[in-house]
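There are 2 protein chains.
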Amino acid sequence: MPDLAIRNATRDDLSFIIGLIAHDTVLDLIDDPADAHGPEYLAAFEAITADPNQLLLVAEIDGTAVGTFQLTFTPGIFRRGAWRCSIEGVHVSPDHRNKRIGEKMTIWATDQARTRGCTMVQLTSNKKRTDAHRFYERLGFSRSHEGFKLYL
Amino acid sequence: MPDLAIRNATRDDLSFIIGLIAHDTVLDLIDDPADAHGPEYLAAFEAITADPNQLLLVAEIDGTAVGTFQLTFTPGIFRRGAWRCSIEGVHVSPDHRNKRIGEKMTIWATDQARTRGCTMVQLTSNKKRTDAHRFYERLGFSRSHEGFKLYL
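So the protein lines, in turn, are chains A and B. 0 is the number of the first residue of the first sequence in numbering that gives the first Met the number 0; add one for each residue after it. 0 is the number of the first residue of the second sequence in numbering that gives the first Met the number 0; add one for each residue after it.
Next up, chain A with everything else stripped away, as it sits in the complex (with noise of 0.2 Å):
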């Protein structure tokens, strides 16, 4: 397959992410690409890309936007005042899964990981996203957590 480019996001890119969002089988959402220039999103695009420990990212292919993910640096006191880095907001676009687009995605995200310095990175999967967790444990992520959230 050609190769997978990774690029920060931009305002145009919103209709594709929220879209990718809005279609998510296990995500039970309020999201419409319909939106994506209003003002909830263009808030949060704007709070993102104002700070330089969050990067939103989309994957494409021969100029195409195929996949999404958001990384957030996090500096902690544990392991010797350590950063790490969270992996959120995952989607392939459904016409190009068995790619390996969330591996490459995945990987991209470590090497960025080691290139600023943090010395682990995190991820909560859904539970119902089975095939999502042997890629993940294949990529030697250890399944050591279990995630919690609580709606407000």
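Among these hints, one or two may not hold up.
No copy is singled out in the list; a pair is fine if it fits within one copy or between any two copies.
Stated by the list, open to error - DSS-like cross-link-like pairs, simulated, lysine-lysine; straight-line CA separation at most 25 Å: (1) K126 x K148; (2) K148 x K127; (3) K126 x K103; (4) K98 x K127; (5) K127 x K103; (6) K98 x K126; (7) K148 x K98.
Read the hints as simulated data drawn from the structure, not as lab findings.
Since the structure of chain A is provided, determine the placement of chain B on it from the hints.
Just chain B, lined up with the frame of chain A:
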């Protein structure tokens, strides 16, 4: 029991915080409170306190520090540009267990998340900490995700 007060950590709390981490029986870390004022921990402390989306907190009873935790507020695209609050580094002094201190810290975190407009609070807990899992579920958290970690 007396009221629990929660305040921002100062440099003078680093020995206490690192001491709790170093004595944790689940973690296998490389932390040493004797180095609390060394460059690694001070750099991490400065990075946390310089970032308005990070809070490093200490809980105390009658002026005695009894617990610590860190909150990270993160903007995201999904859920119509919602912010989320992540709780990390939750530790309670062994001398003050079974006083519902962890519960009070978590409720405080949830209130803070709500005040800041977050729509979700999330955390991961090592699968060995089964007592903690019951306690988070009692507070309304859903154990919906697997937590993956990759150490670099």
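(Q) Reference check for the pair K148 and K98, CA-CA at most 25 Å: within, between, both, or neither? (A) between (30 Å within a copy, 24 Å between copies)
**Q.** Same-copy or cross-copy closeness of K126 to K103 [CA-CA at most 25 Å]
**A.** This pair counts as within: shortest intra-copy Cα distance 22 Å, inter-copy 28 Å.
Q. Taking 25 Å as the upper bound on the Cα-Cα distance, should K98 and K127 be classified as within, between, both, or neither?
A. within (21 Å within a copy, 35 Å between copies)
**Q.** Up to 25 Å CA-CA - K127 versus K148, copy category
**A.** For K148 and K127, the Cα distance is within 25 Å both inside one copy (15 Å) and across copies (18 Å).
Q) How would you label the pair K127, K103 (within, between, both, or neither) given a Cα cut-off of 25 Å? A) within (22 Å within a copy, 31 Å between copies)
Q. Is it within, between, both, or neither for K98 and K126, if the alpha carbons may be no more than 25 Å apart?
A. within (22 Å within a copy, 32 Å between copies)
**Q.** Within, between, both or neither, where K126 and K148 count as close if Cα-Cα is 25 Å or less
**A.** both (12 Å within a copy, 15 Å between copies)
Hint check: no violations occur; every hint is consistent with the structure.
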